[in-house]
Amino acid sequence: MIAAQKPFEVTPKLDESGTPIGELLEISMGPHHPSTHGVFRMDVTLDGETVVKLKPVFGYLHRNHEKIGENISYLATMPYTDRLDYFCSMTNNWAYALTIEKLAGLAVPERAEYIRVIMAELTRLQNHTSLIGFFVQDMGALGTPMMYAFREREKILDLFEEISGARMMCNYMRFGGVRVDTSDAWLAQTKKVVGDYGKFLDEFEVFLNENEILLARTQGVAPLSKEQAINASITGPLLRAAGVNYDLRKVDKYGIYSRFEFKVPLGETGDLYDRYMVRVLEMRESIKILNQALAGIPAGPVMDPKAKLRGFRPKAGEVYGRIESPKGELGFYIISDGGPSPYRYRIRPPSYINLTTLEDMCLGRKVADVIVILGSVDIVLGEVDR
Amino acid sequence: MLGEQIIKGMAVTAKNFFGSYVSKDRLTTVQYPEERLTPKENTRQFPFLVFDGDDAEKGLRCVACQICEKECPPQCIYIVKSKDKKPDYKGQMQVFPVTFDIDISVCMSCSICVEVCPFESIKMNNEFELSTDDRFKGLLLTKKELAKPNSYYQQIHPQDAKDSDAVIAAEIVKAEAKAKAAAEAKAKADAEAKAKAATAAAAAPVGTPPANPPTPPPAAK
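Keeping their order, the protein sequence lines are chains A and B.
Each residue of the first sequence is one higher than the one before, starting from 15 at the first, in my numbering.
Each residue of the second sequence is one higher than the one before, starting from -5 at the first, in my numbering.
Keep in mind that the hints were calculated from the coordinates and are not lab data.
All values reported here derive from a predicted model rather than from experimental measurement.
Even glycine gets a Cβ: it sits at the ideal position worked out from N, Cα and C.
Hints are not guaranteed to be accurate.
[What the hints assert, rightly or not] The calculated label-pair distances, taken between Cβ atoms and stated as ranges, are:
| # | chain 1 | residue 1 | chain 2 | residue 2 | range |
| --- | --- | --- | --- | --- | --- |
| 1 | A | Y334 | B | T32 | 22 to 30 Å |
| 2 | A | A121 | B | S145 | 56 to 64 Å |
| 3 | B | N120 | A | L323 | 21 to 29 Å |
| 4 | A | L156 | B | R20 | 54 to 62 Å |
| 5 | A | E241 | B | R30 | 50 to 58 Å |
| 6 | B | R20 | A | E373 | 49 to 57 Å |
| 7 | B | M4 | A | L323 | 49 to 57 Å |
| 8 | B | R30 | A | W200 | 21 to 29 Å |
| 9 | A | Y334 | B | R20 | 27 to 35 Å |
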């Protein structure tokens, strides 16, 4: 094992009179840079190779999602939520459906609840797998780990396509249930994929977990303290890597998560290695939940008979619904005036709020670390810019 | 030892590399376009309009109710209603779309139009190789290009088509039963009215007009 690196100095080197030695260099990283995970820009001021100032700039992918949502029907917003975090369309759908169900007082049938849990955990698996692929690629391991990750992700996407008709833009959940029922063949295929996933993770962990280069690049880099994380209202794997036991699946127990037995993996220091490990362990827990859900799924309808597809008008009111998406707390805030479309529609995207500490984490690091730190935050620009 | 774990990782890479020659699980790529996967049953790309029989004009199921136009999230459907009517599959006189355009450069393949359609008339196609060098006309599908026979739908989505055919068969049976009941009711009402008129005429030859016969329900066809 390699000892953790010492943090770098934050301030530029000064001479005796207090002026910096040499010149500061201001560069613009992105927006069209493959390492920025989309169209994200960072204005970085460098002293040599050390970051002294970092300003995140976003909005390149802004497409007026919230305003569009206020002008079209409740149902028509559902496919737009797929485009928020395009890696996890199933959890986006669930968060939105959950919010509207809370507002309209719809009950979800038992079988639909199980299907939702299965979909959400499959989403978590594929999101974390591909994230680790990207994360390792950001460190310079071009290709191989990412291709292994994508190979496995594809199996889950095939399952999604089989049931919802699309690999990524699933548009699967509806208010009061899910769109189509699962077949027995689909459940059997899912059982097989989940059963094989453990084997893949074993292999992946041997491949990466103690790789010396990965340890050197991640251990002790950009630690995020508990206080810092809570103050910046960071959620998801980033918060848990800092050692705060906060998982909405345990806190809110939305859906039927109270019925499943699983642990919440926690980190200690909140450095990059903890964030990596928390995600790997979360995948293990997801497999546990999936096995329980697949074993216990009951027969029955998948839609609330009270739910209306055409001309849906929930009663006037104000509601906030949230779930634990793979990236953190995904919340939808809706004010209804009883009309066919919401009066106010607002999203709390986890990856946008997790970005707020980017400068604190990057100060004093080298340029190459900035890329890895950004990779560890797990952002998707569709969600950040909306 | 420094580098021990890297060597272990390399062993995994080697396992995957050599495994790709023997194991289907480790080599999953398909050499498109020479090799193609069969599309999945539920795959959805862009919508098309279903018609029954051979004539696309006559058999088109769409009755231009404009629900899909209203519910479409990116508003890519454009419908103009007809002034005159034509019989639909149930034999009822219905308006039909004179213009039915879908701009597939705007369409987001969400299949909401399919879900909200009460007449089983708009369905999702699974054709995806639609690239064209004409960015306006090439991507604006008109009624003529959108209309596809029911046999095509049965071919691409066998299970869904079966369900949809069952729904339509049930509708037709219901409509026929209704028409039969209406015809019987009309015949009965006519007979009653006749009898009443006859008795009234016999009882009071002068004055008193016959009581109004109950208005017959509108007969189908």
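Results of checking the hints against the structure:
At roughly 44 Å, the beta-carbon separation of A/Y334 and B/T32 lies outside the given 22 to 30 Å, and the hint is violated. Checking the proposed 56 to 64 Å range against A/A121 and B/S145 shows it is violated: the Cβ atoms sit about 41 Å from each other. Evaluation of the 21 to 29 Å hint for B/N120 and A/L323 yields a pass: the beta carbon distance comes to about 23 Å. Taking the beta carbon of each, A/L156 and B/R20 are about 20 Å apart, not inside 54 to 62 Å as hinted.
Range check, A/E241 to B/R30: about 55 Å between beta-carbon atoms, so the 50 to 58 Å window is met. Restraint check, B/R20 to A/E373: a C-beta distance of roughly 42 Å breaks the suggested window 49 to 57 Å. At about 54 Å, the beta-carbon gap between B/M4 and A/L323 stays in the expected band of 49 to 57 Å. Taking 21 to 29 Å as the suggested C-beta distance range, the pair B/R30 and A/W200 conforms, at roughly 22 Å.
A hinted range of 27 to 35 Å for the beta carbons of A/Y334 and B/R20 is inconsistent with their spacing of about 45 Å.
In summary, the structure is inconsistent with hints 1, 2, 4, 6 and 9 from the numbered list given earlier, while agreeing with the others.
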